[in-house]
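Visitor: Below are the chains, spelled out letter by letter.
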Amino acid sequence: MTTALFVPCYVDQFFPHVAIAALTVLERLGVRVDVPEGAACCGQPSANAGYAREGHSTLERFVDVYAQYDRVVVLSGSCAVHVRQHAGEVVAHGGADEAGARVAERTTELCAFLHDEIGVQRVAELGASFRKRVAVHIGCHALRGMGLARPSELQVRPFDKVRALLGAVRGVEIAELARPDECCGFGGTFAVAEPDISAKMGRDRLRDYRGHDAQAVVSTDVSCLMHLSGLARRERIGLPMYHVAELLAGTAGVA
Amino acid sequence: MSQRSFELPVLGRPTPVDHPKAAREFNADVARTDWHDESLWFVREKRDRAAASVPEWEELRARASAIKEHALTHLDEYLVQFEANALANGMQVHWARDADEHNRIVHGILSEAGARRLVKSKSMLTEECGLNPYLEANGIEVIDSDLGERIVQLRREGPSHIVMPAIHLKKEEVGATFHEHLGTPEGLSEPNALAGVAREHLREKFLAADATLTGMNFAVAESGGFVVCTNEGNADLGMALAPVHIASVGIEKVIPRVEDLAVFLRLLARSATGQAVTVYTTHVHGPRAGQALHVVLVDNGRTKQLAREEFWGSLKCIRCGACMNTCPIYRRSGGHSYGSTVPGPIGSVLTPGLDLERYASLPFASTLCGSCTAVCPVKIDLDRQLFRWRQHVTEAGHTPRAKTFAIKTSVALFDRPRLFRAAGALARFGLRLMPGFIARMASGPWGRTRDVPPAPSQSFRAWYRTNRPERP
Amino acid sequence: MSELGARETILHAVRAARPPAVSLPAPRIAPALASGQPSLLDAFAAAAMAAGAAVVIAARDEVSRLALGADLTPRNVLSTVAEVRTTVPPSQDPHALDSLDLFVADSPLGVAENGAVWVATSDVMHRAALFLATRVVIVVDAATIVPTLHDAYARIDVRAHPFGAFVAGPSKTADIEQSLVIGAHGPKELTVIVIGTNGESGAQQASRR
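The listed protein sequences correspond, in order, to chains A, B and C.
Counting in our numbering, the final residue of the first sequence is number 252, and the numbers go up one at a time with none missing.
Counting in our numbering, the final residue of the second sequence is number 574, and the numbers go up one at a time with none missing.
Counting in our numbering, the final residue of the third sequence is number 210, and the numbers go up one at a time with none missing.
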């Protein structure tokens, strides 16, 4: 089984430590991972901005690069969902017609991969610890698109894969929030198209976290963290923020 | 499905709705935004508790969606069946292609009956058609009898929510409106007292009405009747007293059978307000003795939406408002910011079809979080439709040129990995050099409220090449 | 533009526009009531009270006393039940009922999941009274309480009368800053008198004011 890791453009450029942590976790779990070059982006930003057609070439590139892998692990819920929902619409260059659909079906997000295919037990063997009270933010696409937890609207049996993974980190205490899954307000181009509501939504999340004595924020999506931490820093709120991978790798709070 | 009730038709193109600007103005009052947001969130929570009390909730949603899809894909048959049964029940049935025709039909019925005083219960359709100003211009007194609608009517505003029309108003503001129009003492704002005054005021109107107009929550083809749901009993007071009853309905509201009502009614009030059922669920299957009952079936763009492969699912809507209550953007910008009769997520998928240029900003007033899709009792894929409308907006050229340029530039970068790496390195290098405040200014709307991320010296790709040289 | 033209235009547009057929879902199989669930009567009473109604379980001979209440001075009363006398003069004009104090009626069916009772009539005075009266009392037999609306629709005939309504509680509104006001435009009080059968499990007098 060949596995590739896709590191989204903004993580590659601005949050390399998260990608390093994700890679470290996968390697320690014995997953042999390639990080192929050639596809910087999955096409989601263009598509969500209304330029799905223009973004097709980007997605085609993605399919080209990742078509050969049995599994594509994406370090972002929103990118993973975009690929799963739209890769089937493109045709790989020089490849079979179904390459896009195949890539779509084989693409998953990191936490989903760790929970479903590695298992919490093996993740616990990493021996990670993080003795803090954390607020958990599952990105909306990771939540409702990847099915990482039961969304609060749905009347189905509760489950939470992220909470289960964090249960494998010694010392983590999870803060119960007033609104466990309200959107953080990033929304890609929404953050600049509707900046006032975007900022308000983010501030309201921060208020919920602080109101429940969270000492740190943990998320499945760096895009959400980029938005929330940008707000926190501007307002001089000291609330460290980490990706789940950083807790599992033991690099959270370490330089 | 768009006209605000107090907009007069204009020559030339109306100004496009600027949702971000309206949102900025709304958010200027932080405390009020919090109040509005909390009020609607509270209703969402009530919905959650009501839904949790029905073990087969998700099954009901699936059934409701399937029944509506069946009805819409057989709509002509059910409309014909409804008409035949309604006529057999002693109703008169009219058809209106658009808002204008609807208004003329209603006016015609009123004129023929010599009616000059009309009492209305809630009908978003008539709001959409601009019925009130049309009738008023023709000398008919129109009284909206739903309390929330009456309040906004007195204030000469449109409703800001399809179920809770005055949700954007504080009791002091209602008190001021009643003081101005109903003679209540200045400063009186206690809701029971205000509602008591409204009760007396509207009771007079019900008793004096020459005619009443209601909407329909559901039109049942099998029985030729319709259902009207209220908590106040206002629709019923109108129907029980006035000699003429006009019932206007969008053609998409027809459902096949009486038994289907159970599915929708079990979902409707729970989704809308968290109640198990509204106080009154009235079934009308014929005129009262001595009364004339007219039904007006209205298209006004619905057949156009039905023809849209990507968007016809939006016609399943049963007007519960749950999508508005759950939408973090609606809660923080208010219904008026959408500039459309129906606001919120459903408004943003129904309205652009009427005038894409005018409503171009609405599909972007969303983070595509998907909460609306998850609460919709008839499983409309709202977030997917919002995404698809965005493609139509840009294809039609209604996006600012700067944005198009920015996207095309970024796509060009992503398609050229070396160029992307160089650009990224340059950006990081620049950020490390620039003092914070310049970085803030440089990042435009992002930077007004947020810091940019600290710039690392090395990208992940660069680290990987150095630290995993043997790996692809 | 003639209206006949409108009908044909619209139907033609619908036929041209409609998407490929979707079939009706298969008939629903009602879930069995789990053991340990509250009885239908208890569920009905709880739901009716949550909607703001007063609920009393009584025998038929108590109806008059309960309907008229503690205050037995003559008032404007319209009643369709034998146990309570109508005091308003006969009329065919519903407007005459504007100052009606009390309306009493029988209901053939109650719905446990939402505390509603079905009230249907062809009588214009009874229909108006249901909404004009300040107080409404509905009498329903415990044996006619069904679990859900699915069961209700299987038993009632909506076409039997031009008017029929599920009524759950007194009229209300929350349109002024979400504050609940009981007695919006319609009645301010609703009392449901449930004529109980013997041996109902756990049925006690369940009244609330």
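Treat the hints as calculated values from the structure; they're not laboratory data.
It cannot be assumed that every hint is accurate.
Keeping only pairs whose Cα atoms sit at most 25 angstroms apart, straight-line, the calculated DSS-like set for lysine-lysine is [what the hints assert, rightly or not]:
#: 1; chain 1: B; residue 1: Lys273; chain 2: B; residue 2: Lys307
#: 2; chain 1: B; residue 1: Lys510; chain 2: C; residue 2: Lys189
#: 3; chain 1: B; residue 1: Lys148; chain 2: C; residue 2: Lys189
#: 4; chain 1: B; residue 1: Lys481; chain 2: B; residue 2: Lys406
#: 5; chain 1: B; residue 1: Lys148; chain 2: B; residue 2: Lys510
#: 6; chain 1: B; residue 1: Lys481; chain 2: B; residue 2: Lys307
#: 7; chain 1: B; residue 1: Lys123; chain 2: B; residue 2: Lys272
#: 8; chain 1: C; residue 1: Lys189; chain 2: B; residue 2: Lys307
#: 9; chain 1: B; residue 1: Lys307; chain 2: B; residue 2: Lys148
It should be emphasised that the depicted structure is a prediction, and the values quoted were computed from it without experimental measurement.
Visitor: Check the hint pairing lysine 123 (chain B) with lysine 272 (chain B) against an upper bound of 25 angstroms on the C-alpha distance.
Guide: holds (23 angstroms)
Visitor: Just to be careful, I want the Cα atoms of lysine 189 (chain C) and lysine 307 (chain B) compared with a cutoff of 25 angstroms; is the pair within it?
Guide: holds (19 angstroms)
Visitor: When you check the alpha-carbon spacing of lysine 148 (chain B) and lysine 510 (chain B), does it fall within 25 angstroms?
Guide: Judged against 25 angstroms, a Cα distance of about 45 angstroms means the pair is violated.
Visitor: Measure nothing beyond the straight line between the CA atoms of lysine 481 (chain B) and lysine 307 (chain B); if it is 25 angstroms or shorter, mark the hint as holding.
Guide: The hint is violated at about 39 angstroms.
Visitor: Assess, step by step, whether the Cα of lysine 307 (chain B) is no farther than 25 angstroms from the Cα of lysine 148 (chain B), and give holds or violated.
Guide: With a Cα-Cα distance of about 33 angstroms, the restraint between lysine 307 (chain B) and lysine 148 (chain B) is violated, given a limit of 25 angstroms.
Visitor: Are the Cα atoms of lysine 481 (chain B) and lysine 406 (chain B) separated by 25 angstroms or less?
Guide: Answer holds: lysine 481 (chain B) to lysine 406 (chain B) is near 21 angstroms, not above 25 angstroms.
Visitor: Checking one constraint from the list: CA of lysine 148 (chain B) to CA of lysine 189 (chain C), max 25 angstroms. Satisfied?
Guide: holds (24 angstroms)
Visitor: Can you confirm whether the C-alpha distance between lysine 510 (chain B) and lysine 189 (chain C) stays at or below 25 angstroms?
Guide: The hint is violated at about 63 angstroms.
Visitor: Going straight from one Cα to the other, do lysine 273 (chain B) and lysine 307 (chain B) come out at no more than 25 angstroms?
Guide: holds (23 angstroms)
The structure is inconsistent with the numbered hints 2, 5, 6, 9, although it conforms to all the rest.
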